[in-house]
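Q: So the sequences go chain by chain: Y and H. For the first sequence, the positions run 0 to 141 when numbering that gives the first Met the number 0 is used. For the second sequence, the positions run 0 to 129 when numbering that gives the first Met the number 0 is used.
Wrong hints could be hidden among the right ones.
[Stated by the list, open to error] Coverage of chain H stretches by chain Y, computed from C-beta distances (three or more under 8 angstroms per stretch; other residues unrestricted):
hint, stretch
1, 2-12
2, 87-97
3, 114-122
[To be verified] Pairs of lysine-lysine, PhoX-like flavour, derived with a Cα cap of 25 angstroms:
hint, chain 1, residue 1, chain 2, residue 2
4, Y, K36, H, K54
5, Y, K36, Y, K113
6, Y, K36, H, K105
Keep in mind that the hints were calculated from the coordinates and are not lab data. Note that CB positions come from ideal geometry on N, CA and C, so glycine has one too.
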Amino acid sequence: MSANAHPRIDIDTACACGAVAISAHGRVWSMFLCSCKDCQKATGTGHNCVVILDPADVGIEGEIKAFSRPADSGATLTRHFCPVCGTPIYATTSRRADAMLFAAGTLDGGEWYKPNQLIFARSHHDWDALPDIPQHLTYRET
Amino acid sequence: MHNHGSCQCGAVTFDIEGDPLRMAQCHCEDCRKATGTGHLSQAFFNKSQVTIHGKTQTYENTADSGATRLRHFCPVCGGRLFSENSRNPDTIGVAVGVLDESSWFKPQAIVFSSQRPAWDVMDPDVPAKP
Chain Y
0 MSANAHPRID
10 IDTACACGAV
20 AISAHGRVWS
30 MFLCSCKDCQ
40 KATGTGHNCV
50 VILDPADVGI
60 EGEIKAFSRP
70 ADSGATLTRH
80 FCPVCGTPIY
90 ATTSRRADAM
100 LFAAGTLDGG
110 EWYKPNQLIF
120 ARSHHDWDAL
130 PDIPQHLTYR
140 ET
Chain H
0 MHNHGSCQCG
10 AVTFDIEGDP
20 LRMAQCHCED
30 CRKATGTGHL
40 SQAFFNKSQV
50 TIHGKTQTYE
60 NTADSGATRL
70 RHFCPVCGGR
80 LFSENSRNPD
90 TIGVAVGVLD
100 ESSWFKPQAI
110 VFSSQRPAWD
120 VMDPDVPAKP
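So here's chain H without its partners, still in its complex pose (with noise of 0.2 angstroms):
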């Protein structure tokens, strides 16, 4: 599978060869508050898999998890874009609602469920974690 995406200005591209590592949901707060949104949905891959065309702007800071995590978003138009985390070095988190295609995605986790505001509804089959 190839994949292609951009921020909404264009000075970010981006490349993925081969399928998904996991695919997930995620209610953290600061999933809320990077996207605005009830969640963020992201596909991980290996970061041998994708190619990033153009600079993005990267915030560092604490997951709820205890983990670092370090966000990408676009300097120019502040698109969400990639995350990172110093539990699983070797992988990027993409976030899906970018992607040109995606009609692949299919979440197998919702996670940080204790936090999903009320008006959020998610897809019932898809297994949630506290």
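Bound-form chain Y, shown alone (with noise of 0.2 angstroms):
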């Protein structure tokens, strides 16, 4: 595994108010942009940054708030927010039960967050300006 493409990772964070606490000890597993709506909606920006995570690496300490929905691709996905302060803690998607999506900017992301594709660019909006990576109208063809 290249170091860059999966940095390791030794973070203890909280959300805005601090009434979640996330621990994250481990490589991470990828990183990219997704500017699909759904995602537009939840962060109320122009795309957001992820970052998946073995949930064995994972702590989450407080009460979190859970809401599902389908997505774009079709697939359910959940995402779990500070009930106080609406911080996104995390989420998780039928298409890959093992993981945990995590937000860069919720784990205070520095340097080692390097974002490799921007998936569902067919929603990217002229306005956001973005690094020079690959896209995808959907997801990544495989």
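Starting from two chains that each stand alone, build the complex the way the hints lay out.
A: Spelled out as structure tokens, the structure:
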């Protein structure tokens, strides 16, 4: 595994109000940007900054609230957030039940954060600047 | 200009009449936490221009600027929606990502750019303030 694509992170952080503590200690599985309509609505921005982690490397303490709905892909996406301050904590997807999807901003993402693609470029807005990375209209073709 | 927007689940919708007073993007720690991203993009309107349908949840804290900031999100789906700031009590910020149509969005300033994460690429033509 390349260190750049799968950096090791050692993070102990919290949501904005401190009600939910988050720890993440391990190697990142993957990092990408997503501009699907759902991510735009959830974040209020042009794209989400996704970090996929192994649940075994993650600790969450405090009460969180969950909201599930079908995503653009047809998968069921469940987003968990702090009910006090609304900070996004993590998401899970029925496409990959063994993974936790975090947002780089929630994890105080530093130099280690290196997204390698944009997915759901079909709903990307011109006003939202992007790094020079491959773009895929929906998911990357495999 | 008329704008409409909603959270993911539709429990909160809103209508906006007229043009924004200003538009900006912010990299402060609060905006990064609130969105989970590198910055928040907002269009600011006079409160009289914005009609909110449904109940939001709010979280109040002290912003990096020293002002009191009230952030609104949907209590059902957690979607990021609005912000208020004690320095501009007549104004409300709308998170641009929840608008049905936002092609008109043209930020005039990037603020707290000293806190911009290296990975968060911004439009170099928008003036950035530290």
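Q: Against the structure, test the hints numbered earlier, and report the numbers of the ones violated in rising order.
A: none
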